[in-house]
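K.L.:
Sequence:
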Amino acid sequence: MYEPTINPSHNFDSTLQALQEILILLVGDQNAWRIARKTESRFLLVRNQLQKLGNTPGQIQRHR
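Under numbering that gives the first Met the number 0, read the sequence shown as residues 0 to 63, first letter to last.
The reader is advised that the hints may include incorrect statements.
Stated by the list, open to error - Straight-line C-alpha distance at most 20 Å; calculated SDA-like pairs for lysine to any residue:
1. Lys37 - Ile21
2. Lys51 - Arg33
3. Lys51 - Ala35
4. Lys37 - Leu22
5. Lys51 - Asp12
6. Lys37 - Leu25
7. Lys37 - Gly53
8. Lys37 - Ala17
9. Lys51 - Gln19
10. Lys37 - Asn47
11. Lys37 - Gln19
12. Lys51 - Phe11
13. Lys51 - Leu22
14. Lys37 - Leu15
15. Lys37 - Leu52
16. Lys37 - Leu49
17. Lys37 - Leu24
No lab work stands behind these hints, which were simulated from the structure alone.
Make the full structure from the sequences, and use the hints.
P.N.:
As structure tokens, then:
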């Protein structure tokens, strides 16, 4: 049985790792890494755009 390892500290890297491991469980090993790489590039793109705006993930707040 595959046991995912999820880091309790909530940061982008541990979230990304958890997403990749969930994909492996859902899709199986065959296509998982191709899909995970696509997901990672989108994930990193969003993170970089947020950093350009001056927000770190922990500082994102809802604007009313």
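K.L.:
Each hint should be assessed against the structure and marked as holding or not.
P.N.:
Taking the hints in turn, this is what the structure says about them:
Of the supplied pair hints, the one linking Lys37 and Ile21 holds, its CA atoms being roughly 14 Å apart against a limit of 20 Å. Note on Lys51 and Arg33: the hinted pairing is violated, with a Cα-Cα distance of about 27 Å set against a maximum of 20 Å. A C-alpha spacing of about 24 Å is found between Lys51 and Ala35, which places the hinted pair above 20 Å, so the restraint is violated. For the suggested pair Lys37 and Leu22, the alpha carbons sit about 11 Å apart, so the restraint of at most 20 Å is met.
Distance restraint check for Lys51 and Asp12: the Cα-Cα separation of roughly 18 Å lies within the 20 Å cut-off, and the hinted pair is therefore satisfied. Straight-line distance between C-alpha atoms of Lys37 and Leu25 comes to about 16 Å, which keeps the hinted pair within the 20 Å bound. Proximity of Lys37 to Gly53 is assessed by CA-CA distance (about 25 Å); at most 20 Å being required, the pair is judged violated. At most 20 Å may separate the alpha-carbon atoms for a hinted pair to count; Lys37 and Ala17 meet this at roughly 15 Å.
A C-alpha spacing of about 25 Å is found between Lys51 and Gln19, which places the hinted pair above 20 Å, so the restraint is violated. Using a Cα cut-off of 20 Å, the hinted pair Lys37 and Asn47 holds, with the two alpha carbons roughly 15 Å apart. At most 20 Å may separate the alpha-carbon atoms for a hinted pair to count; Lys37 and Gln19 meet this at roughly 10 Å. The suggested pairing of Lys51 with Phe11 holds, with an alpha-carbon distance near 16 Å, which does not exceed 20 Å.
Restraint check for Lys51 and Leu22: not satisfied, since their Cα atoms lie roughly 29 Å apart, outside the 20 Å limit. A distance of roughly 12 Å separates the Cα atoms of Lys37 and Leu15; the hinted pair therefore holds under the 20 Å criterion. Taken as a hint, the Lys37 and Leu52 pair is broken in the structure, with Cα atoms around 23 Å apart against an allowance of 20 Å. Of the pairs offered as hints, the one joining Lys37 and Leu49 holds, with about 19 Å between alpha carbons and a cut-off of 20 Å not exceeded.
About 17 Å separates the Cα atoms of Lys37 and Leu24, which keeps this hinted pair within 20 Å; it holds.
Hint compliance for this structure: hints 2, 3, 7, 9, 13 and 15 are broken, all remaining hints hold.
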